[in-house]
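> So you can see what is in the structure, the chains are spelled out below.
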Amino acid sequence: MKKTLIALMEDKPGVLDRVASLFRRRNFNIESLSVGHSETPGISRMTLVVDCQDEAQEEQVVKQFHKLIEVLKVTEADKVDSALYRELALIKVAANLDTRSHIIQLVDVFRAQVLDVSPTSMTIEVTGTEDKVDALVELLRPFGIKELARTGRVAMLRGNGK
Amino acid sequence: MKLNGAQIVCESLVREGVQVVFGYPGGTVINLYDALPQYNLRHVLTRHEQGAAHAADGYARATGQVGVCIATSGPGATNLVTGIATAHMDSSPIIAITGQVGTAFIGKDAFQEVDVTGITLPITKHNYLVTNINDLPRVMKEAFYIARTGRPGPVLIDIAKDVQQAEIEFEYPEKVDLPGYRPTIRGHERQIRQAAQMINRAERPLILCGHGVILSGAQVELRELAEKAHIPVITTLEGIGGFPRTHPLCLGMSGMHGEAYANYAVQSADLLIAIGMRFSDRVTGKVRSFARAAKIIHIDVDPAEIGKNVPVDLPVVGDVRHVLQSLNPQVEPAEHGDWLAQIETWRVESARRDILNRETDALIAPYVIRQIWHATQGQALMVSDVGQNQMWEAQYYLHDKYRGLITSGGLGTMGFALPAAIGAQVGRPDEEVWVTVGDGGIQMNIQELATVVQEKLPLKIAILNNGYLGMVRQWQQLFFGKRYSGTPISGPDYVKLAEAYGLTGLRVTNKADVVPALQRARQINGPVLIEFQVVGEENVYPMVPAGGSISEMLRRPLEEEEMV
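In the order they appear, the protein sequences are chains A and B. The numbering of the first sequence is this note's numbering, which starts it at 1 and goes up by one. The numbering of the second sequence is this note's numbering, which starts it at 1 and goes up by one.
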């Protein structure tokens, strides 16, 4: 079962290394990991999707994560009803005069954006849940996907939850 | 006060109460070594950096203070690794200070450069690479705080050479600011109340005393709990010394080589009160069949230990001593006569299989250990190595003394005993310190005999020489058709070797000579090495085969069974 963790941590050299090392040595499976600045200078925010065998393992993941000195807070996003999940993907798809308009129609339906057009390709940006990104990727696949870059999940709780 | 980085390290050590450091100099710590003599710090030169790390660990375990070791960059730092990992597994507070190449050379594969913070990431509680002199005082302060608080553990500080040379106006922080590190010390009141209720209701309660009891200094509180509620106590290997072994409620050690009656007690208890221990596989055997009849209360300072290996009915996260101080008044006095009588029948049955109750003139290691116990009246500080010698020490030296045994439990590091004993003797100079070690383990760090002599440490070193790597040989005998692959081992003439290093060397080949040799060794006012040539193919019993249930032990055959 996939679990989403939101972690706040001090922005210091080697912190990512500590997280990666911890997950590797404890045999926890990282599905995706996304890290960047938070609202507070000096504090990074990480969203992790972890594939856990059971509840007990999930509990272990959170506790072991907490043991890292630089980790300030870990939130289990799945444990609240209303977390927002988003992922961004850049998709470079083969496109020519014949297929370009078909692709643009799909882009519109998915409220995605065309970032770049060349005689033989188009680059599309899509934001949404993983399911939405997956769906667009599958629809574009028949045209020929040349490159795909996905950010992995970022998460935030709705309302005042933190 | 303007100080350079090397002086800041020394000044910080002094302010943290450090009196002794164990180390080995080299290119990137030469500044540190230049500063050392300016401070009131005793330096113990080991003969290998591994010895320095174990000595710092032994010092920490003997005194409860933070042990400190120093090594240079590259090979010096990598040589510390086994010692750091040993301390990490047994939650021993040490600070390892390593030199690093100059900041400008980091990442350039410079001479004696190694990424020691990367290497030690998984085996330290925390570590630091210091490349800016302004960070150094804070890092020193934080490192000691992290090492000694919460669940103790090793912290490594890697300091670039130019940082040791740079100068700043020194100001030592009074407090640490670590928002992500706040160990829970006091247990949750409701959980403690529930624990008391469970204890008050239990009919067959049993305490499992782990290293945490010793680390938190809770031996008095534990004894109070056990006596008040009449609860028998089992110790883990690292928990030995947390509860007096000769106390009528003490059942000794359980687990893979635990007493059979202790394992039966675990399997029959209706309540296990696990205190400062982590349910190692050596304690539980097969988890699914461990303590099936029992509810489990788990008291530990590290929340990540709760439910890690064994599902727990009631967790109490907090420092063991604080938790017991809150718990004890809520526990009602009780009598568990039937339960203790049941255990007593198992104990009597077990005694029939005790090797010391067998009529034999052969010189066996358990006999030697028991005679050391008699000779020292149970008051020695024992440092054991790893393997058969370690298990026999745990079984046959009856430890009543708090912090009376130092041994590598979690990592099981052969070669630990001699250097750890150096640290222990330095930390407790007025006490009688004994090393019990096999002929394999002694040869792993035998170079430290020179340290013993240079530092004039009156260690008594008992080598139990059976000519084998005994524990592996035992497994080979029992599970691999007696194919002794790689386990027969020779060694030097230990008496000559002792003399060559400057120790008194004694050799014992007969059972009758054991007691006189021990008496002589104790009369000699200096280090003594005694080689006991013991029976080669003797086994440690009982034994739970790896992965097996602790109710299914291999037992020492009875005399009549052996006749068959």
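Don't take every hint at face value.
Stated by the list, open to error - Label-pair restraints from in silico Cβ distances: (1) A:Asn160 / B:Tyr39: 50 to 56 Å; (2) B:Lys108 / A:Gly36: 28 to 34 Å; (3) B:Arg201 / A:Glu138: 57 to 63 Å; (4) A:Gly161 / B:Lys108: 44 to 50 Å; (5) B:Arg193 / A:Lys79: 52 to 58 Å; (6) B:Gln454 / A:His37: 52 to 58 Å.
Derived from the structure by calculation, the hints contain no laboratory data. In this text the structure is predicted, and so the values were computed from the model without any measurement. A virtual CB, placed ideally from N, CA and C, is assigned to each residue, including glycine.
> If a hint holds in the structure, say so; if it does not, say that too.
To see whether the hints hold, each was checked on the structure:
1. A:Asn160 / B:Tyr39: 50 to 56 Å: Check passed, 53 Å falls within 50 to 56 Å.
2. B:Lys108 / A:Gly36: 28 to 34 Å: 30 Å, holds
3. B:Arg201 / A:Glu138: 57 to 63 Å: Cβ of Arg201 (chain B) to Cβ of Glu138 (chain A): about 59 Å, so the range 57 to 63 Å holds.
4. A:Gly161 / B:Lys108: 44 to 50 Å: The hinted range 44 to 50 Å holds for Gly161 (chain A) and Lys108 (chain B), with Cβ atoms some 47 Å apart.
5. B:Arg193 / A:Lys79: 52 to 58 Å: Distance hint for Arg193 (chain B), Lys79 (chain A) is violated at roughly 26 Å.
6. B:Gln454 / A:His37: 52 to 58 Å: 54 Å Cβ-Cβ, so the 52 to 58 Å window holds.
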